[in-house]
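Student: Residues per chain, in single letters:
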Amino acid sequence: MAFSSTRRQRGATYEIQRGYRRMIIPALVAVSVFAIVPLAGMFGLAFSDYHLIRGSEGRFGFHNFVRLISDGRLMGSVYVMAILSIFGVVAQVLIGTAVAVGLQKIVGRWRMGRVLFLVPYAVPHVAVALIWLSLFTPTLSPINAFFDIFGITVPSFLTTQNGAMFAIVVADTWTNFPFSMLIILAALQGISPDLDEAAALDGATRIKTFFYITLPLLMPALLMITLFRFIDSLKHFPMIFVITKGGPGRSTQATNFYAYVQTFQNSNVAYGAAIAVTLFLMAALISFYVAKLNQRVSS
Amino acid sequence: MIDNSSAFRVKKALGLFMMFSLLAFAAMPTLWVLILSIREQSAVFQPIWESPLAVTLENFLSIGRSDFPRALLNSFITAGTATVLAMIVGVPAGFALAKARLSGKFIASWILLLLRMAPPVGFVIPLFITYVNAGLIDTYTGLIFAYMTLTLPLITWSMWNSFSQIPDELIEAAIMDGASLTKAFALVAVPAARPGVVAAAILGFLVAWNDFFFALIITRSSTTTAPVAVMNFISYDSVDWASIAVASIALTLPILPLMAIANRYIVQSLSGAVKG
Chain A
1 MAFSSTRRQR GATYEIQRGY RRMIIPALVA VSVFAIVPLA GMFGLAFSDY HLIRGSEGRF
61 GFHNFVRLIS DGRLMGSVYV MAILSIFGVV AQVLIGTAVA VGLQKIVGRW RMGRVLFLVP
121 YAVPHVAVAL IWLSLFTPTL SPINAFFDIF GITVPSFLTT QNGAMFAIVV ADTWTNFPFS
181 MLIILAALQG ISPDLDEAAA LDGATRIKTF FYITLPLLMP ALLMITLFRF IDSLKHFPMI
241 FVITKGGPGR STQATNFYAY VQTFQNSNVA YGAAIAVTLF LMAALISFYV AKLNQRVSS
Chain B
1 MIDNSSAFRV KKALGLFMMF SLLAFAAMPT LWVLILSIRE QSAVFQPIWE SPLAVTLENF
61 LSIGRSDFPR ALLNSFITAG TATVLAMIVG VPAGFALAKA RLSGKFIASW ILLLLRMAPP
121 VGFVIPLFIT YVNAGLIDTY TGLIFAYMTL TLPLITWSMW NSFSQIPDEL IEAAIMDGAS
181 LTKAFALVAV PAARPGVVAA AILGFLVAWN DFFFALIITR SSTTTAPVAV MNFISYDSVD
241 WASIAVASIA LTLPILPLMA IANRYIVQSL SGAVKG
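Chains as they are written, first to last, in this note's numbering: chain A, 1 to 299; chain B, 1 to 276.
Please note that a few of the clues may not be correct.
Unchecked claim - Calculated pairs, SDA-like style, for lysine to any residue (alpha carbon to alpha carbon, straight line, at most 25 Å):
{"no.": "1", "chain 1": "A", "residue 1": "245", "chain 2": "A", "residue 2": "232"}
{"no.": "2", "chain 1": "A", "residue 1": "292", "chain 2": "A", "residue 2": "208"}
{"no.": "3", "chain 1": "B", "residue 1": "12", "chain 2": "A", "residue 2": "196"}
{"no.": "4", "chain 1": "B", "residue 1": "105", "chain 2": "A", "residue 2": "16"}
{"no.": "5", "chain 1": "B", "residue 1": "12", "chain 2": "A", "residue 2": "137"}
{"no.": "6", "chain 1": "B", "residue 1": "105", "chain 2": "A", "residue 2": "196"}
{"no.": "7", "chain 1": "A", "residue 1": "208", "chain 2": "B", "residue 2": "19"}
{"no.": "8", "chain 1": "B", "residue 1": "12", "chain 2": "A", "residue 2": "203"}
{"no.": "9", "chain 1": "A", "residue 1": "208", "chain 2": "A", "residue 2": "186"}
{"no.": "10", "chain 1": "A", "residue 1": "245", "chain 2": "A", "residue 2": "116"}
Source of the hints: derived by calculation from the structure; they are not laboratory data. Note that the structure is predicted; figures quoted are calculated from it, not measured.
Please build the complete structure, drawing on both the sequences and the hints.
Tutor: Below is the structure:
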């Protein structure tokens, strides 16, 4: 009897594992159809000479990637992307941490005030971009009008490369700092208040406590935010499309935007795909690292 | 004693000033849009304090008469359908990935992450060419398929995280009691992970609702979504700022209650690993 029951159990376990597999298959099929196939298409196009209007002459090879290496505009776009990413991520982490640390002290009736800080995160990116475009338009902006009272003329940011990049970073930071804030708030809640008290008893100042106790404990959260925000900033599109249109001139075309310009404005589909492949490989590297990190932290 | 020192007061004042600046940074643009949305068209370019009473509801009424509500409806239909479809497929998959003894889980997690992180321009180029040939440009089907590339990896990933937090014993006990795997999933696991299920659905809807890029490229006038339709208020010679403000409010309002529900779970669902 015992024997047969083990066998039945083993059979049941097998049955269950098969059941699990059946649950994954639809997703596997869907992911393949909706994501893997287009990605394969992107790789294929990147090696072709497909042109949106002229079509293809059947050339197949590395010519797009050879062109990539010597493309000055691509290097310029990587520079823009790097600046936008670095300044955006730093600003979002700093502001998110500051707000989270400040909010954590607020208890009781004013706790609901937290929701106010979430509003920017709820605004869709196109709207964010349009709102900040209005704030950076000198004839419209209330900021300019306010400083005009004191006879101060606020410079027109969107007419220089640095000013335009600054505008994009501000808009990006405004809508995304609540993401850092949420993650840091959650991480702060996981830190025992005993640690702060013990440090205070040992005579540490509040600033020292923050830098030597709280901050090291926040490191995993900060790393996670940095990676997620960095990867998102590789995808910059609506902000650039709406606020600067890539300008002045071509000076704020980040790589993702440059791929769009090559594909849909210059009709160079194959070359656009090659740029997209390059970006994709970068994202693949970073996401591999994130997946490893996730595996380590969760186990 | 220390509390009365001027150094402390300066620090406190500095802290307050910083908090106030951050609050201003967070709140000012929102206030500005609310004000802009009720300004009379003729007063839009005047400083607020010069004509504080030039207030009207006409901007809201004129948006109501435009094509914009239709675009909002398109957004609801496509983002909603893409979310529901991805939930049907992604929730069981997330459950199985969390609980099954499988090899290749790491690869699966990497692929899901990568799909979420891959630049959309990579997806959109082949989709665009396929759609042109298949006649899917400017159709709901085409846009919903495109949105599946956004919603499915996100929902599967976050459900995987949510189900991982449910003890294995719960599922095992249900199966020991004679429940089939499907029943254990539907009647035990899903109710136990309900906050995660809600958060996943909301997150999925948010990414599709926020999309600008896909809709810009694969829709034209009839299935255009609200984020793309806002751009119609910008023409060559003028920008209708008041309407843009109203449209921005219309784009954000449906999201706010979702955010209020989900903000506690967003963190866990997005990363799942920050608790350290």
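Student: Under the criterion that the straight-line Cα-Cα distance not exceed 25 Å, is the pair residue 105/B, residue 196/A satisfied?
Tutor: Not OK: residue 105/B and residue 196/A at ~39 Å, beyond 25 Å, violated.
Student: Would the pair residue 208/A and residue 19/B pass a check requiring their Cα atoms to be no farther apart than 25 Å?
Tutor: holds, 20 Å
Student: Taken at face value, is the distance from the CA of residue 208/A to the CA of residue 292/A at most 25 Å?
Tutor: violated, 32 Å
Student: Hint check: residue 105/B vs residue 16/A, CA-CA at most 25 Å. Holds or violated?
Tutor: Cα-Cα ~17 Å, so holds.
Student: For the pair we were handed, residue 208/A and residue 186/A, check the Cα-Cα distance against 25 Å.
Tutor: Given that 25 Å is the threshold and the Cα spacing comes to 22 Å, the pair holds.
Student: Has the given pair, residue 12/B with residue 196/A, been kept, meaning a C-alpha gap of at most 25 Å?
Tutor: holds, 19 Å
Student: For the pair supplied as a hint, residue 245/A and residue 116/A, confirm whether the alpha-carbon distance does not exceed 25 Å.
Tutor: violated, 30 Å
Student: Taking 25 Å as the top limit, are the C-alpha atoms of residue 12/B and residue 203/A close enough?
Tutor: holds, 20 Å
Student: Taking 25 Å as the top limit, are the C-alpha atoms of residue 12/B and residue 137/A close enough?
Tutor: violated, 35 Å
Student: Keeping to a limit of 25 Å between CA atoms, is the pair of residue 245/A and residue 232/A held or broken?
Tutor: holds, 19 Å
Of the numbered hints given earlier, the model fails hints 2, 5, 6 and 10; all others are met.
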